Structures are given as C-alpha cells and as structure tokens.
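Student: Sequence:
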Amino acid sequence: MSGIEIQNLTVRYPGDVTAIDDLTLKLEGGKIYGLLGRNGSGKTTLMSLIAAYRRVTEGTILVDGQEPFENEELTQHICLVRDSGDVVVDGDSVKGTLRRARRFRPYWDEEFAQRLLDTFQLPSKRGVAKLSRGQKSALGITVGLASRAPLTMLDEAYLGMDAPSRYAFYDILLEDYIENPRTIILSTHLIEEVGRLFEQVVIIDRGRLVVHDDTDSLRMRGAAVVGPAVAVDDFTTGMTILGEQRLGGTKSVTVYGEIDPDARAVAADWGLELSPVALQDLFVHLTKGDPA
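So the sequence shown is numbered by my numbering: it starts at 140 and just counts up by one.
What the hints contain is simulated information worked out from the structure, not anything from laboratory work. Just so you know, not all the hints are guaranteed correct.
Here are the computed distance ranges between Cβ atoms for each label pair [as the list claims (entries may be wrong)]: (1) PRO367 <-> PRO400: 20 to 28 Å; (2) GLN215 <-> LEU386: 51 to 59 Å; (3) PRO415 <-> ARG177: 31 to 39 Å; (4) ASP401 <-> GLY168: 24 to 32 Å; (5) ASP353 <-> GLY198: 21 to 29 Å.
All values derive from a computational prediction rather than experimental measurement. Ideal Cβ placement from N, Cα and C applies to all residues, glycine included.
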C-alpha cells in the first residue's frame, strides 16, 4: 500500500548546491508521516521526486516497487499538494478545479469534496483568482484529501489557512484516514499543531537523514523534568538541556537523552515529574548544527 524505498538519493543544483545528500529511507505504506526539516533542508525536492515532478539522476526511488517518473499508471495514485498552489490555477474556478481533479484521480470522492467545500466555506462558482490565500490553500487541501490517492503528500499546503480552518483540516484528515487508510506525508513547520497526527517522523537536515522513528519513541528520547528548582537542577546536572522555565520555586527543564529506570526511580523519590519532551523541542535540537 504505497510503500516508498529510497536508496542513495542525491540531488545537486547549479552553484555547487546539494539539496539531497545520499539519502536512504524506507517508508511502509498505510501510515501518516511527518516530514520535518528547516527551510532549504530538501523536503520539497524530495516530495517532488517521489511525485515524479522531476527525474531522479543519482540513486533510486521506488513507490510500491516501481519508479514513478513517466509511469502514468503509478502517478495517478500519487497526489502532491504544495504551498505553491500548483494544483490550483488562477484562470480556473473552484468548480473547474474539482472537475479537473475528478478526471485524473481514479479514487476521487465527489461527496467528500463537496463536504470539504462546505466545511471551508468555498464558493464553487467563484474564480480561483478571486480567492484569498487561505481559500486557495483550502481548495488545495480539498483536492488532496478528496483525491483519496493511495499516496497523498501535503507540502505546507495549509499554511495560508486560519487557525480554525487548520484545526478542522487536522480533524477531517485523521477521521478520513481511519476510514480510508493510505500513506500520507505531511511536511510542516507547525510541528506542535500537526504532531498529534504523526505515526512516524522523518527529520532531514541539509539533505541528510537525521531521524526516522515512531513519534512516541522519538519523544521518549528526552523528557520534561518538573519539580522543586534545586532538585531539578541536581537531577539534570550533566544532561543536555534543551530549555528551561521557572515560576517561583518550581522549575521545568527539558533535556535530551535517555533516562534509564534507575534515574526515573530517583526522580520519583525526589518528587520530580517526568513527561515526554515536545516534538518541536527535539526537532530544534536535532537540526541546530552549524550552517554548512
């Protein structure tokens, strides 16, 4: 079900720029993945290659065991919606955009598309050029979800939407994914908002793989330590500190690194509370290397 295998993938641009650097990655089908990376990390390039928007020149990409480039049958099953809005054409109308998507998407669900139009309050007869940025984003999301493509990728496609619309999108995506399982890859900078959807997280930095892990396992690589300030300071001595906050005599320190059972027992004895670290804090820590 739309598994992806990437081997030794490298992409170079003119001017001695390496967008993807010998990347090897295997994604099982039927999961929601969070693809995280700073600006210029190679996320958009990677998703464009998977969607066959450009040819692979170094390394290989296989989707369900097949190369996607110039593979018309396979690419009908792949839908990529980017923040650039390339699935939404200014000269078209909302209705026309959906008609075009319906023509080329074999799993298209028209009833679901209409429900999304209602949810995002998109007027079907309005021209795309007259839509706000948020409405264009919502239209792209509608195309992406209603396509029900076995491999659906959303590259920052919802950034233009306001907070209520984004949260409605998250709920609808999860609900529809449960009813219609498929492979979904979400690229985002809104990590704390979207992180609850991720089953697995892939972090790339300067075109290289940094982390590929289950979300819960990744969050357990660190901890938020909360309790009396003196006890917190003593407990976290020598640990990698990601951040800290203090309110009166209580302190919260976010640390990175495994905390073994013995240390957890000490924390309990000292009246300290340990909880998984925020995904965004881990992301910042893991991608904070010096600029190339």
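Student: Does 24 to 32 Å hold as the CB distance between ASP401 and GLY168, or does it fail?
Tutor: violated (40 Å)
Student: Note whether the CB distance of GLN215 and LEU386 lies within 51 to 59 Å or breaks it.
Tutor: holds (55 Å)
Student: Range hint 21 to 29 Å: satisfied by the CB atoms of ASP353 and GLY198?
Tutor: For ASP353 and GLY198 the Cβ distance comes to about 25 Å; the hint holds.
Student: Could you see if the CB distance from PRO415 to ARG177 stays within 31 to 39 Å?
Tutor: Cβ of PRO415 to Cβ of ARG177: about 23 Å, so the range 31 to 39 Å is violated.
Student: 20 to 28 Å was suggested as the range; check whether the CB atoms of PRO367 and PRO400 agree with it.
Tutor: Once the Cβ atoms are compared, 22 Å apart, the range 20 to 28 Å for PRO400 and PRO367 holds.
In summary, the numbered hints that this structure violates are 3 and 4.
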